[in-house]
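Add chains D, H, V and A with the ligands to chain B, keeping to what the hints say.
Residue numbers (our numbering), protein chains in the order written: chain B, 1 to 320; chain D, 1 to 309; chain H, 1 to 284; chain V, 1 to 315; chain A, 1 to 493.
Think of the hints as simulated: they come from the structure by calculation, not from any bench.
For glycine and all other residues, C-beta sits at the position ideal for the given N, C-alpha and C.
Some clues are possibly wrong.
[As the list claims (entries may be wrong)] In the SDA-like style, the derived pairs of lysine to any residue whose C-alpha atoms are separated by at most 25 Å in a straight line are:
1) K11(H) / Y12(B)
2) K172(H) / H116(V)
3) K357(A) / Y45(H)
4) K21(V) / W113(H)
5) K11(H) / G152(V)
6) K374(A) / G142(H)
7) K116(A) / R97(A)
8) K135(B) / D264(V)
9) K199(A) / Y98(D)
[Unchecked claim] Counterexamples of contact, computed for chain H against chain A with all Cβ distances above 10 Å:
10) A16
11) R18
12) L37
13) K49
14) P58
15) I95
16) I114
17) N147
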Amino acid sequence: MLLEVHDLRVSYHTDEGTVKAVDSVTLSLGRRETLAIVGESGSGKSTLALSIIGLLPKTARVDGSIRFLNKELTSLREEEFRRLRGDRITIVFQEPMTALNPVFTIGKFMRDIYLTHRGGTEKDALSLAREWLGKVKVPGPEKVLSSYPHELSGGMRQRVLIASSLMLEPDLVIMDEPTSALDVSVQAQILRLIAELKSQVEASFIFITHNLGVAAAVGDRVAVMYAGKIVEMASKEEIFSNPMHPYTQGLLRAVPKVSGGEVEPIPGSVPSLVNPPSGCRFHPRCPLADERCAEEEPALMEVGSGHWVACHRVSGSGRW
Amino acid sequence: MSDLARYVIRRIILAIPTLLGVSVIVFLMIHMLPGDPAQLLAPPEATIQEVEMIRRRLGLDKPLWEQYLIFMSNALKGEFGKSLFTGHTVSELLWPAYLNTLTLSVLAMGFGLVIGVLMGIYAALRPNTVRDQAVTSLSLLGISMPVFWLGLILIEIFSVWLRLLPSGGSGTFKHLILPSLTLGLVGAAYVGRATRASMLEVLSQEYIRTARAYGLPDRLVIYVYALRNALIPVVTVAGLIFGYMMAGAVLTETVFSFPGLGRLIVNAIFARDYPIVQAGILVVATTFVVINTAVDILYAFINPRIRLR
Amino acid sequence: MLVELDPSTKKTLRKALRNRNIRVGGIIVATFVLMGLLAPFIAPYDPTKGNLRDSLLPPCSKYPFGTDFAGRDILSRVIWGARTSLIVSTVSVFIAVIAGVLVGGLSAYVGGWIDEVVTRIVDVMLSFPDILLALFVAAIVGPGLENVIVAVALYNFPQFVRIMRGSALQAKEMEFVEAARAIGESNASIFARYLLPNSLAPIVVHATLRTAASILTAAGLSFLGLGVQPPIPEWGQMMSDARTYLVTAPHVWIFPGIALFITVLGFNLLGDGLNDVLNPKMEV
Amino acid sequence: MLLVVEDLVKHYISGGFLRKKEVVRAVDGISFSVNAGETLGLVGESGSGKTTVGKTVLRLIEPTSGRILFDGRDVTAVKDIRPLRKEMQIVYQDPMSSMNPRMRIADIVGRPLQIHGMVSSRRERDEMVRRLLERVGLSGDHLYRYPHEFSGGQRQRIAIARALAPEPKFIVLDEPTSALDVSVQAQILKLLKSLQEERGIAYLFISHDLAVVRNISHRVAVMYAGKIVEMASVEEIFGNPMHPYTKGLLASVLEPSPNAKAPDEILPGEPPDPRNPPSGCRFHPRCPLADERCAEEEPALMEVGSGHWVACHKV
Amino acid sequence: APKPTPVERKVLKVAMGTDIVTLDPHDVPDNPSIYVIDNIYEGLVEYDDKLNIKPVLAERWEISPDGKVYTFYLRKGVKFQDGTPFNAEAVKANFDRLFNNKELANRNRLVPFIDKVEVVDEYTVRIILKEPVATFLNLLCHPAGMMISPKAIKEGVDLKHNPVGTGPYKLKEWKPNTYIELEPNPNYWGGTPKLAGIKFLVVPEDEARVQMVESGDADVAIRVPAIDVQRLKQNPDLNVNVTRTIRIVYIGANMRSPRLQDKRVRQAISLAIDRDAIVEKILHGVGRPAKSVIAEELIGFYDTGKLKYDLEKAKQLIKEAGAEGLELNLWTPKGRYPGDYEAAQAIAQYLEAIGLKIKLRVWEWGSYVAELLKKPEDASPERDLFLIGWAPSTGEYIGVFRPLFLSESIPKFNLWFYSNPKVDELIKKAEHAPRDKIVDYTKQIQEILLDDLPAIPIYNPGDVVVYKKDIKSLYYIPTEVILTKYAYFGSGG
Ligand SMILES: Nc1ncnc2c1ncn2[C@@H]1O[C@H](COP(=O)(O)OP(=O)(O)OP(=O)(O)O)[C@@H](O)[C@H]1O
Ligand SMILES: Nc1ncnc2c1ncn2[C@@H]1O[C@H](COP(=O)(O)OP(=O)(O)OP(=O)(O)O)[C@@H](O)[C@H]1O
Ligand SMILES: [Mg+2]
Ligand SMILES: [Mg+2]
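If we strip away everything but chain B, and leave its shape as in the complex, we get (with noise of 0.2 Å):
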């Protein structure tokens, strides 16, 4: 296994209390795998995806095992980890227009992480950088080098983005919901890029979106969390085609499709991670839950080969 996550759990420090962003979560990940994290705003993605980087801010706390490569990475010195990021780590975020230094260049971004991680020379830096900046298909690499973060595209600051994760070929990829920011048409198109990277790096993917057809199109396997926690994780195939956790139905149900039909909603709304409910998080929204679910938690379960879904009302003989 290339990640290892254990029994994580990140809680941040704040004014109103301690908010438990991400409780408890074990997932591991495969070379070559693609693991799609669903999640409604505020379930905790990415605060995983940072607590796997170690980007955390300081008022978070972590807990728990997070093994990548063989090494422990909750008690990583920090200097060894930065030589980590961007070189066996990387990820993606979310808003391509605020991610990039405005006073740099786009070649002095790929440059500088060409050089903190290999050395070498800038030439070497400038070519590497220019080569998958044709990879990511970005029309005119040379004049984008040259180029500040304003000049260009959302799209073409997203491509800039994968260009440089992936320039040094990382094991671990993460991309925190990288076309959320971007058009359908756009989106459509990184998508469609990332799916022929894929094939063409050795690279492990991370790839976090609150956008279940998203999700469906990227992940090889796919979990879906709720407050905090992972309530359930499958193969796509079997998620999508046999969704078990109450929470993950509801959310199938509730996207409306292009194909049509009605969307039934989830009653009520995403709970505070402050003082989140009792037992399963999601016995108030939920149309099964009974007093055990008010009272106690499940855990998350493998109920078929691969599928885990963590559920009072599920078990591995069946469902409701």
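This is chains D, H, V and A with the ligands only, laid out in the frame that chain B set:
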């Protein structure tokens, strides 16, 4: 035309109406004074004929706009008439004093910038820690400090107790130390606050997180990626502070009896030597506008996005 | 008062009370305000009358801060000086805020050439840095308490115009202003109900900080002899008077300096604290 | 017909003294109509001019040219638009920024009632606000709270209550669900539909999400770079898309299904810069079918079937 | 005592408080300019430091028995700094300038008294007065009597900036507000000057001037604050010269103010002021309480004994005059005279102590003078009491009585608008009285003035000059002039 050139020209042209406004106000000053300007400009014992002569000589009998044009064309040549009392031309008095003040301000500014920026970064790197609080408190003390009081204290320490530095006068570098230290400390406080605030702001930006996410070392992230962005508001503050120093030097110059522009203006106010007051104020305000324009232009070099404005 | 505070005001208040800057600054400012208000009752002596025979006494039990050249009790003068400083600064800032909010707010809201003209005038006024504008006014109208107030107010005025204009422009761009138009609000109502309340936080913060700065400017003018006239006790003036006794009688300038410094510090702390509470993110 | 828009144009002109002069052709001559009680969905990618259309129709933005008839009255010509405001309302994408953060809910929702003289006392107003809140699914006890004390979905309900307050005939819904979570989005969509049924309000529903538009609209107009390129009933648009852009968009949409995969690239390139739109058919640089004529001549929106309008030389 | 020996020809650096105004001796209004001018120009006669008259460009003179004709025998071989010879024609040319040029500030020092000036021969000149003036030679000591090169006068040289005199030093450079530097006049008739030059440094801050002599940055500091005297006296390297002046600082009383019509109020004011305390606490002992309207050094001084501190009497007078609670304005300049502003505040306190209400106003000097010089009808109705000083730059009594108390001097220097025919008559008599009869008249004048009290004399400020011990022959003339032209660096003595 490139965006940059367009921006620079635009900035420069935009400064012109401001400068014109400044000159009109300064020009109107003697007309705003209660009473007849010619009478005011005449020595107290002047006879009616003498007052009339002065009126004619200074062109005060001409229509206002014509007077203004004369005033402006002279001002552009650097001529501001004569002191009413000493018979020196105003420029003879003005430029050496201006040079002194400029020297003082530049020195103080240099000092304030270096200390302030370092302090600000130092604090911003560890927000809400003891060292941040120390810097924040110090700079708050600095901006609360009456500059003339600070001057007196420095005199008490360095001139009276330690007898190291002269308490006043001018001429040698020694004479510049205390006044520029006084101004510079206050300047450093302002710059420090601005740097800290803007550095904190910048450090919380996405692109800094991106830089970190790609493993770039702290030195690079802070002193190149962050600082370049953080400098923009600092430069603004620095421009304002420089103006403040030019003007605030009045107090410092008084405390240290430093023969600068501020003192010249204040003394001229006391002596009712209005041509000097006019010229002095015009020169400080013009410098201020020029500096702020320069700052605006500097922006565009620091941050390419601004060129588009 | 039995006014029921709404939860959000309560929350802001609670936040304010927890803020150390506000607490310390508030205590300082309150102390000096009380000092100014109660000066007639707490000052041990008449600040304008002294016994020449007792001139320039160093601090002693009779005169805790010593006496000045005219034998006046410095402690009493420092206490009364609080009143002068507070009057000058608050009145001038108040005038500037009212005028600045109206002019800046309307200018931003009306826009067009009026806004352009106002902006230009403000730019011109702001080209006279700091104390220079006050000097300019002093040169024209001469020294004196009222004139200092006018001078300082005139200096503060364009700043408030600019701040108000800026935040009104920002607020104007906010969708809720358009939303207000969409439900049919009138212009006056939009200005009063939407723009103004949402522009006040930076004004309040800046007014506090400007009060601090105005105390300094007024004291500076007095220090130069262009400010408040004796025998009205004023700190800057007291320090200016003391320059002759710089070495021989430092108590004459040290105490008013400390008072001035602490008062200004108090307002600055308060301003910083208010900024933390009212404008999180925005630092001046 | 409740609303008729004819040849609406909105150009934003910026620049000026030593600044690059720029003309943004945000909306460049579009016509459509909305019937009473009907929902017209307006889809398009970002920058295509959807919001501009919505706001111009309400005259929150002054149109550059064109005619807007609402209920027979010429919206662009009336002297005082304020009485008309009672009948046309808007709901924004971001409910938070569309509410005065310093007003309580009672005021936010109650102001339209006061402005249009629908209530005579404060008590009456509060009572009506309470009823409105309950109608949109909020507790009436929230009357005296501030907007920031609500979740995104709740805020959008408040915004809807505000729009409902003056009992309008027509509401522009500018991406009212884009900022919301899927589960909440479904709630709002359901609410909007039931309100329409109940009160016969017509909607102009603006969205970039084809699936959402499909869910709520009766008819759909597809915008591209300031133009309507295709307009038809929902069934037609989704069942029989004719314009290559509409087709491309539909192919870009991802559905959560077990055998989903990354879409084949249908639409290359990016939406054009409205400051500098392509000649001829604005879509031609991205169009798989484009030929010379497309680059030169602008296609007109023509009715190709009953109620199905397309602007394409190739159709 | 062994005669001091010159050690070195160095530049003498003098720190003074303000820049000079002009280098034209006939037009000079201020003391600092005179300090400089004195080195460049010479008159026929001059004062020594005891106000005795000594010959300079005139070697000797004769006065006719009727006191109207003065014959001066001029020094031979004197050349102006532009090479023009000094002779009787030159003297006449200077007086002609005074006669003809009405704009010269100082012409009235001499012109009103002179009938004509006659050249007798090349080195003899005769001045004929309209009426005898006992102190005419004193008047000639004023810079108005200094001799400017006739060539320069004729050619219309800008004498304000380009002085041409006969004195031991000539102008090298005048850098406004910074310094004025003089260099030796190699052709000086009295031999090569003993200094390599004189540099007057403009150092406005009192403390700074003191520091500069202490640190050696200057050799002489003028107008040293009195408060530093004690400390500086401890310094073995310095001479601290506490000098007397002939300046009297008055509280002027506007005789036309309705509030000051009652003589008893003015007398009460005078009695309420503790002059000794002011001298001790404000002047720090540098100065003397005023005894009369003129200084003790002047001819014609008479002590009436009326200026004393008597609180009880003052209160009683106020009561008699029914002036309890009377509101009076008290105006003062600041920094014009030693202790002016401080004294005014102290005086305000004293006057409040006898039940008057005082409204103090501090003026800046320019507007103060402008206000005070206004005609009575234009004068501010608020003018009651005002602090003002006067030192007769001619160094004699006429220079006080004539401008300050003669009715004719309204509205010039008679700032109190005092008009008393009796006093007018006595002043005129005193002016033309023979020397030994002067006091007869001035005594009466002083008796009247100290009873009427249009100007209440307060104090006679001293002046403090601090200079290096090795400077010799630096003189202070009580007309508030520091005379540097004879100074040299020497040891011993
Ligand atoms: N720096 C922080 N300090 C305090 N709370 C935080 C911080 N960052 C995130 N949170 C809280 O942690 C929870 C999880 O946030 P996170 O950003 O991980 O969610 P997400 O699933 O990525 O949401 P989104 O879809 O909106 O990006 C949220 O309740 C959020 O408010
Ligand atoms: N006030 C304005 N001034 C100048 N240009 C504007 C203005 N408002 C909008 N635009 C431009 O007009 C074009 C259309 O904008 P509009 O907001 O109508 O698009 P939209 O379809 O609603 O996009 P989105 O999906 O991003 O909301 C865009 O290019 C936008 O940048
Ligand atoms: Mg996230
Ligand atoms: Mg929009």
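Status of each hint after checking the structure:
Restraint check for K11(H) and Y12(B): satisfied, since their Cα atoms lie roughly 21 Å apart, inside the 25 Å limit. In summary, the hint linking K172(H) to H116(V) is supported, as the alpha carbons are separated by about 23 Å, within the 25 Å threshold. A hinted pair counts as satisfied when its Cα atoms are at most 25 Å apart, and K357(A) with Y45(H) qualifies at roughly 18 Å. Between the alpha carbons of K21(V) and W113(H) the distance comes to roughly 19 Å, so the proposed pair stays at or under 25 Å and holds.
This hinted pair checks out: K11(H) and G152(V) have alpha carbons roughly 21 Å apart, not beyond 25 Å. A C-alpha spacing of about 19 Å is found between K374(A) and G142(H), which places the hinted pair at or below 25 Å, so the restraint holds. Taking the CA atoms of K116(A) and R97(A), the gap is near 13 Å; set against the 25 Å cutoff, the hint holds. Pair hint K135(B) plus D264(V) holds up; C-alpha atoms about 17 Å apart against a cutoff of 25 Å.
A distance of roughly 23 Å separates the Cα atoms of K199(A) and Y98(D); the hinted pair therefore holds under the 25 Å criterion. For A16(H), the shortest C-beta to C-beta distance to chain A comes to about 43 Å, beyond the 10 Å cut-off, and the non-interface label holds. Chain A leaves R18(H) outside its interface by the beta-carbon criterion, the shortest separation being 47 Å against a cut-off of 10 Å. Look at L37(H): its CB is around 24 Å from the nearest CB on chain A, clear of 10 Å, so calling it non-interface holds up.
For K49(H), the condition that its CB be more than 10 Å from all CB atoms of chain A is violated, with the nearest at approximately 5 Å. With a least CB separation of 14 Å from chain A, P58(H) remains clear of the 10 Å interface cut-off, as annotated. Every CB of chain A lies more than 10 Å from the CB of I95(H), the least distance being 24 Å, so the non-interface label holds. In this structure I114(H) is separated from chain A by more than 10 Å, as the shortest Cβ-Cβ distance comes to about 39 Å.
The beta carbon of N147(H) sits about 13 Å from the closest Cβ of chain A, which is more than 10 Å, so the claim that it is off the interface holds.
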